[in-house]
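Chemist: Chains as they are written, first to last, in my numbering: chain C, 674 to 816; chain D, 143 to 467; chain P, 24 to 523.
Mixed in with the good hints there might be a few duds.
Below, a list of computed lysine-lysine pairs in the BS3-like style, where the Cα atoms sit at most 30 Å apart [unchecked claim]:
#	chain 1	residue 1	chain 2	residue 2
1	D	K365	P	K162
2	D	K323	D	K454
3	D	K418	D	K365
4	D	K365	D	K385
5	D	K385	D	K427
6	P	K313	P	K128
7	D	K246	D	K223
8	D	K454	D	K246
9	D	K454	D	K286
10	C	K784	C	K802
11	C	K802	P	K453
12	P	K453	P	K314
13	D	K385	C	K802
14	P	K79	D	K427
15	P	K79	D	K418
Here are some chain D residues pointing at chain C (derived, C-beta under 8 Å) [as the list claims (entries may be wrong)]:
#	residue
16	S201
17	Q204
18	A300
Hints listed in this document are in silico derivations from the structure and should not be mistaken for laboratory results.
Using N, Cα and C, we set each Cβ at its ideal position, and we do this for glycine too.
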Amino acid sequence: MIDRIVGTVVFVISVSAFWVARGYEAGFGDPLGPAVFPQMVAALAAILSLGLILRPDPNPKAQSRPALTRQIATLAVLAGYVLLLEPLGFPLSTTLGTACLALLFGAGPAKAGLTGAAVGVSLFVIFDKVLGLPLPFAPALFG
Amino acid sequence: MSYTRSLITGAILATGLTAISAVTASAAECIAPADPGGGWDFTCRTVGRLLTELGLEESTVQVTNMPGGVGAVAFANVAGKRASEGDLLVATSTVGVTQIAQGKYPGGVDVMRWVGMLGTDVGVITVPADSEYETIGDLLDALKADPTSVPVAGSSGAGGWDHIRLLMLADAAGMPGDDYKAIRWVQFDGGSPAVTQMLGGQVGAVSTDLGEIAGFVESGDIKILAALSDEPIPAFPDAPTAKDQGYDVTGYNWRGFYTGGDVSDEDYQAWVDELKSLFDTPEWKEAAEGNGLITVWRGGEEFEAYVADQAKQMEEISRSIGVIQ
Amino acid sequence: MDILTSLIGGFAVAVTPLNLALAVFGCFAGTLIGALPGLGPVNGVAILIPVAFAMKLEPGSALIMLSCIYYGCMYGGRISSIMLNIPGDEPAIMTTLDGYPMARKGQAAKALGISAVASFTGATLATLGLTFFAPLLAKAAIHFGPADYFALYVMAFATIGGVTGVNPFKTLLAAVLGLLLASVGLDPATGTARFTFGSYHLYDGFDPIVAIVGLFAVSEIIMYFESHATSGAGPAKLGRALPRLREVFEGFPAALRGSVIGFVCGVLPGAGASLGAFVSYSTEKQISDKKGTFGTGDPRGIAAPEAGNNAASGGALIPMLTLGVPGSGTTAVMLALLVSLNIQPGPLLFERQPDLVWGLIAALYLANLVLLLLNVPMVGIFTRLLSLPQWLLMPIVVMVSFIGIYSISHSSFDLFVMIGFGLLGYALRKFEISLVPVVLGLLLGADMENNLRRALSISGGDFGVLLQSPIALVIYGFTALMLLFSFGIAMRRRTAPLED
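Generate the whole structure from the sequences, applying the supplied hints.
Modeler: Rendered as structure tokens:
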């Protein structure tokens, strides 16, 4: 059953990719053009996904149960981290991000906070100061 | 407990130190709109290093890589978020202006202030040393007789600067548009791969910048049919220019910088002066020539006009050969 | 004799106390950078070039330090593949297939030991090849045209079905999805924007490193909660901290075969280390996986790709030095490094600057030896990583991956793409579709398409050009043989249980 769902999703994606790619054309200078290769690949994907729909594997036996709350929380932390990275600067946002992740992975609040601060500061020092790869420091505070 | 405490103390200390250094050093920054290793990256890193070494900048010039869309991502970023930052330079070249002229950046040349160019690479048309073509005229005659007879390769895609330079020559030779569009053009990921494939017999000629492939000319593997410059190239004085052979075509690929459109006149002028001082040093001359560039200076208003003019010209060529409608 | 004299001269340049210290430092730093997900050899070398300048080193010394970093990164990439199932860099993806299962079985030290020996074997053989045959091989490589490269990629993808243990059908589908992802971005031949939905950020397509970190690292942490909640599997078993001496030579014949294949892939400009590792693994699996143990922690499944990718990175230096053609992103950075030291690689390099070239080659031998010596005791450090509590290890791995990518591209868009790939990786894992072929498709797809289009540009659209080159025909013939062979093995394996 799962394979049929996957097959259908991939089929829809590859057919739409094929459809989108038909509009790609170059004025001149290239006999194959930008559309053909993606279309070939998309067609192949569509055929393979049909195969998956018609001859699916049995469902995997030991499907683990999703731990939805924590999984969504993790994604939210990651997305929030990316959004805050530039406004808050690297050290602060990384401290927060690491601490939240550590909490999700079962650390106590004190340990989480400490890990966060240590990771935030040390990564900033290593990347920005030692390796010379500029990172935002704290734009919100220093303009 | 003492372990935890020392950790916290260390963290606070480190934060304090970084805070101090971050506030005091408002360092100049150079954006290379490409991955590490490319031509724009080289421009930023070499100029940045020399500015610091020669004492023209007090602290180290930060080089930031911002790849994407042949420079479009950096262009959009500076136009949108950092248009008034006076300590910012962005590396670019003729390739960037070609992109602008063909409408592939979010904005035209007037969005930015063009600071200056410090050197230029020269386009060349090359063939293998044992090729039957002795002059650019031979090659163009063969293409005129049958545009599909000689596949030509370069480091840009169809409609890119390497391709356009070839088509400008075809145009100067009097080929009609439909004919020169039929010339087989093969894109490789750089000048050296193109030359290598030419030596392997896959293509008949290569149109690209000289800098990257100069070693093959020196070793005698390939020969230059035409240099697309006004004067003969200093490193290869014997290589004939296209002009000398009756085709009025030049094709430079300069290296220079722009900065945001809202940068104040003082900051802009400071950059122009600083780059001019760099240009006048023997260190720059050595670094540029080591990388196959010819040192040429254009700065300030002169450079602004030059870029605007080049973009206009490039747009006309692109339109006439059908790259843009 | 000439070569030996030059090489001895090279060693005379390379072996000074300062250079030795730099070599050790370079190897150590390189291994660490290579081991960090998101910071591969490309970035490792690129970010340390200015450091070398800041130290005001002589060109020769800078070259030694940076080439040690380069080789160190190649060694290091395998560490997180084995320990965390997160490839440290592109060529290390194949190592996850058998390395991680082995670590789960409590044989992490053995896996690291085997891969260190295999890496040493591959890199040393490649350096020998570079020493004695560089100009000759460069001459041969020139005759490899676009149609031949296309044939090589066809071979790679035709045999991909057999690479991972599960349903070959799904493996092929995953590879095709990777190829589709590879076509996102500006088309290099014409500049047409494909599948970018009007965003400039997608113009360069998906960076393989972003995809790898997303697919492997981000999906790993999402997956962690449920595998942890249900099975209570917990962290991997801890085995010995250091491998036994005889264990590390298991799979040594596979390493030798992998070295040869990898070296050939490396010498071809444009093919590079990822293809080397991939072809080494799939060939080894075709010829020696008689019991179906590949993918469950077979030593040969680690030895072959590790020898392959290290031999390929050594081999890739040949076209880079003699032709100035960088085979891959990593050698492109090495090329940039040479240029910034005012060394112009190309046909005249060996004549013009023999001191530097032979110094570099001597440095490579040195780097290999130092890395082997350094890596054996370091195995102990890395196996101890596994005993760190998850709440400490996981957040650090994630943050290092994020910042490794952000510090190079300065694009929060890339980070969102990475989270997106994390979701994709999670879905694929749930559906039991292997992640490795997706990455291979993404890594090799663009080159496959470009070479097809180059071949057709040369012929003016005539598909016959694909079959005109004798080299391509040989490759297609070889592909057919491999397919027949693996079909035969599959048939035998299907009937075997019945006989029992």
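Chemist: Which hint numbers doesn't this structure obey?
Modeler: Per hint list: 3, 11, 13, 16 violated.
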